[in-house]
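A.B. asks: Chain S is fixed; fit chain Y onto it per the hints.
Listed below are the residues making up each chain.
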Amino acid sequence: MNPSDRKYSKEHEWAKVEDDGRIVVGITHFAQDQLGDIVFLDLPAPGTRVEQHKKLGEVESVKAVSDLFSPVGGEVVEVNQSAVDNPELVNNDPFEAGWLVKMSSSNSDKEMGNLLTSEEYEAFLESEAH
Amino acid sequence: MPQTLMRTALYQTHLGLKARLVPFAGWEMPVQYTGILAESRAVRTKGGIFDVSHMGRIYISGPEATDLLDWIQTGNIGTLREGRARYSLVCNEEGGILDDTVTYRLAEDRYLLICNAANRDTIVSWIGRWRNERYPQTTINDVTLDTVMIAVQGPAVAVIVDGLCPQQPSSLRFFASTEGAVAERKAFIGRTGYTGEDGFELVLDAADGPQIWQTLMDHEMAPCGLGARDVLRLEAGLALHGNDMDSTTSPLEAGLDRFVRLEKEFAGADALRHQQETGLKRKLVGLFVEGRSIPRHDHPLRAQGQVVGRVTSGGYSPTLDRNIAMGYVQPQWADPGQSLQVDIRGRLTEALVTTLPFYTRKRD
Numbered sequence: 005m006n007p008s009d010r011k012y013s014k015e016h017e018w019a020k021v022e023d024d025g026r027i028v029v030g031i032t033h034f035a036q037d038q039l040g041d042i043v044f045l046d047l048p049a050p051g052t053r054v055e056q057h058k059k060l061g062e063v064e065s066v067k068a069v070s071d072l073f074s075p076v077g078g079e080v081v082e083v084n085q086s087a088v089d090n091p092e093l094v095n096n097d098p099f100e101a102g103w104l105v106k107m108s109s110s111n112s113d114k115e116m117g118n119l120l121t122s123e124e125y126e127a128f129l130e131s132e133a134h
Numbered sequence: 002m003p004q005t006l007m008r009t010a011l012y013q014t015h016l017g018l019k020a021r022l023v024p025f026a027g028w029e030m031p032v033q034y035t036g037i038l039a040e041s042r043a044v045r046t047k048g049g050i051f052d053v054s055h056m057g058r059i060y061i062s063g064p065e066a067t068d069l070l071d072w073i074q075t076g077n078i079g080t081l082r083e084g085r086a087r088y089s090l091v092c093n094e095e096g097g098i099l100d101d102t103v104t105y106r107l108a109e110d111r112y113l114l115i116c117n118a119a120n121r122d123t124i125v126s127w128i129g130r131w132r133n134e135r136y137p138q139t140t141i142n143d144v145t146l147d148t149v150m151i152a153v154q155g156p157a158v159a160v161i162v163d164g165l166c167p168q169q170p171s172s173l174r175f176f177a178s179t180e181g182a183v184a185e186r187k188a189f190i191g192r193t194g195y196t197g198e199d200g201f202e203l204v205l206d207a208a209d210g211p212q213i214w215q216t217l218m219d220h221e222m223a224p225c226g227l228g229a230r231d232v233l234r235l236e237a238g239l240a241l242h243g244n245d246m247d248s249t250t251s252p253l254e255a256g257l258d259r260f261v262r263l264e265k266e267f268a269g270a271d272a273l274r275h276q277q278e279t280g281l282k283r284k285l286v287g288l289f290v291e292g293r294s295i296p297r298h299d300h301p302l303r304a305q306g307q308v309v310g311r312v313t314s315g316g317y318s319p320t321l322d323r324n325i326a327m328g329y330v331q332p333q334w335a336d337p338g339q340s341l342q343v344d345i346r347g348r349l350t351e352a353l354v355t356t357l358p359f360y361t362r363k364r365d
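Chains as they are written, first to last, in my numbering: chain S, 5 to 134; chain Y, 2 to 365.
Hints listed in this document are in silico derivations from the structure and should not be mistaken for laboratory results.
A virtual CB, placed ideally from N, CA and C, is assigned to each residue, including glycine.
Honestly, I wouldn't trust all of these hints.
What the hints assert, rightly or not - FRET-style restraints, in silico, Cβ to Cβ:
id, chain 1, residue 1, chain 2, residue 2, range
1, Y, M218, S, T121, 38 to 46 angstroms
2, Y, A272, S, E130, 54 to 62 angstroms
3, S, D37, Y, N93, 36 to 44 angstroms
4, Y, G347, S, P7, 31 to 39 angstroms
To be verified - Among chain S residues calculated to face chain Y with C-beta under 7 angstroms, some are:
id, residue
5, G40
6, D41
7, V43
8, F44
9, L47
10, E64
To be verified - Computed far set for chain S versus chain Y, every beta-carbon distance over 12 angstroms:
id, residue
11, N6
12, P7
13, I42
14, K58
15, D97
16, D113
17, N118
18, E126
19, A127
Here chain Y stands alone, though its shape is the one from the complex:
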């Protein structure tokens, strides 16, 4: 049913840049400005900026905030140091993935949680439920609509962001954050991203969004849309919730074991420990796909004449100049080097299981 789409504080900016806007998770968002491949290349070679204001930004604070987060997160939050961040999953009690999140610990009792746009209501309700049931001394403040979030990503961005911030964000380690200013506007600055490149994610007051966006463009950062973001995250082997995982897949199936602490108690832990003992029915794999026709979501994966899985994400990689995909297969077909076939609209195309990520940036 048609419903009113939300718009970020950068909506007018996108219109001015002649972006192509599409509905995405209840928001009207830019999918591209100049072109998906050109924008992807800009991020790999220099730098790009993304309006990611549709993503959920939720402050969680209070004496029981750490315990609450440790209960809903698969990763360890109590051991997270102030100024550091952790990628982690939020699972339902069956061990299915409700969302993947980044949790920044800002102070002993104060956190910023970033969740996917499509799951913001689910996550806010989930946190609210556990606050009411178990951790009442917790304050939840969803600031998504009052702020903007701009991802600044690429090999050249550290120098540029340093020039705009007295905090010298290039001194932050990957998955570290600080609260400071960008171009004299109050900002949260995290050294995080979803592209496989170095970069930052900035959270600013909504009113400051357009000016900071323009400032970054003045420093030759290319505006990039959701299309490039999808290409880049796929190259970096980063799963997308709603595509590569959902509430019916577990973090173990999705190959995210390293973000799950089965030795601690959290919602879904029992189910995941049980799954660990009894074995997985499917595993997420990376695939190099021959030919030029693009493997896409839901295309069947075949071996020995049988369907053994499905593609969940696929695309052309401009960085590698070949087609790549992720998908779930039965575990006996999941080893790197395994040869499979993708059924691309009736055409069987050779695919080779490979380790993720497809692309890793060079680090100095």
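With the rest of the complex left out, here is chain S:
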């Protein structure tokens, strides 16, 4: 269920390195399911610099507001405008069309390395459920 081509944070974000080296960031299926209907994405403008695990923005659902933490540090280079315009996209396709931002990172190998693999993330979800 959680694709193995990317890494995961314990705050339920994912990060995937693209061919050009940029890192795509989004939230997991588990996160969108817990949030329910997402109505608003508050994402930083391109150019914003964020450290790993620091607040990147907010995801607001009908039920609640959740902070979004950056799984890697770096500079925001692109925001998914389709998702901003149509936040349901994050509910419907959190791992692909519902990505949130792309980042450029100078330290991505190390930071990607300390995130969870899909197996580790699933084990983490399992342990949280109990």
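C.D. replies: Leaving out everything else, chain Y in the frame of chain S:
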């Protein structure tokens, strides 16, 4: 402190439907099945069913039942005709709202009172107190745990409920009721609800709940949780006790004057008459809120750089596709058209005072 949550007779049904269950007013209740917005839209366009068995159901009967109810209710119960219902407030002697209720007059001396789940103990004690002090010839029978209540709400439900009931409930007027059967199970049927849509509330023996729920689902009624119920009632401008009013707010402040008969005697009447004469310190208003960030309970309302009130309920309205809220403000800021700002976690967002309700269904 953790305590054992009560479960309705439909609990297993909710588990089978993979509902998300949450603690609510001492009960373990479904907040959503498929999604809050989809469920809200189902009710506005077709029909949905809600397990509202957590709400209090109290039969009150006897020769002094009418007098007792007239004493504890702000509305007129003595003039209520048999087979009709009235929305009314129960106030403490300071005029604060203990609960809002619907009272169905079933017969000359027999009533069914529906109260909020969180206030059931308060209301049962309050009724018991006045029975003991003033109206001893009254019988109080709380049947909440022996029955289920299912709200069937939406533009398509009248036809469906008619098909299941020999009493043809579509012939009932709004806020009328009858005792009959649904799918051959003994039922109380009220043409009432909390969504702003046409619909019915059914009270059945607890054991009959799951089968009737399934029958309604077989007729394409969407299971809906407390999340959708909250969206729908907010769109309909219906205040929620515990959010938009409580024992420190009065019906006059909450804009519920039309449900208060100040010319009769009832618990809290003196305090409310005094408040009427001296003026209100705050009023409940409806707000259209700009932007996409949702105004929520307790967010400050500001005008001219000052806090002039607070949001009590807010949310995204799927029917209107915009954010809406209710809140209390000082009376000088309460006129429709007044521009205010909501402080949403430090972001000031424009809000416009508007008349309630936000949504009114088309009636044929």
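A.B. asks: Evaluate each hint against the coordinates.
C.D. replies: Going down the list of hints, with the structure as the test:
{"no.": "1", "hint": "M218(Y) with T121(S): 38 to 46 angstroms", "result": "41 angstroms, holds"}
{"no.": "2", "hint": "A272(Y) with E130(S): 54 to 62 angstroms", "result": "56 angstroms, holds"}
{"no.": "3", "hint": "D37(S) with N93(Y): 36 to 44 angstroms", "result": "43 angstroms, holds"}
{"no.": "4", "hint": "G347(Y) with P7(S): 31 to 39 angstroms", "result": "36 angstroms, holds"}
{"no.": "5", "hint": "G40", "result": "6 angstroms, holds"}
{"no.": "6", "hint": "D41", "result": "4 angstroms, holds"}
{"no.": "7", "hint": "V43", "result": "5 angstroms, holds"}
{"no.": "8", "hint": "F44", "result": "4 angstroms, holds"}
{"no.": "9", "hint": "L47", "result": "12 angstroms, violated"}
{"no.": "10", "hint": "E64", "result": "6 angstroms, holds"}
{"no.": "11", "hint": "N6", "result": "20 angstroms, holds"}
{"no.": "12", "hint": "P7", "result": "23 angstroms, holds"}
{"no.": "13", "hint": "I42", "result": "10 angstroms, violated"}
{"no.": "14", "hint": "K58", "result": "17 angstroms, holds"}
{"no.": "15", "hint": "D97", "result": "15 angstroms, holds"}
{"no.": "16", "hint": "D113", "result": "35 angstroms, holds"}
{"no.": "17", "hint": "N118", "result": "30 angstroms, holds"}
{"no.": "18", "hint": "E126", "result": "20 angstroms, holds"}
{"no.": "19", "hint": "A127", "result": "23 angstroms, holds"}
Hint compliance for this structure: hints 9, 13 are broken, all remaining hints hold.
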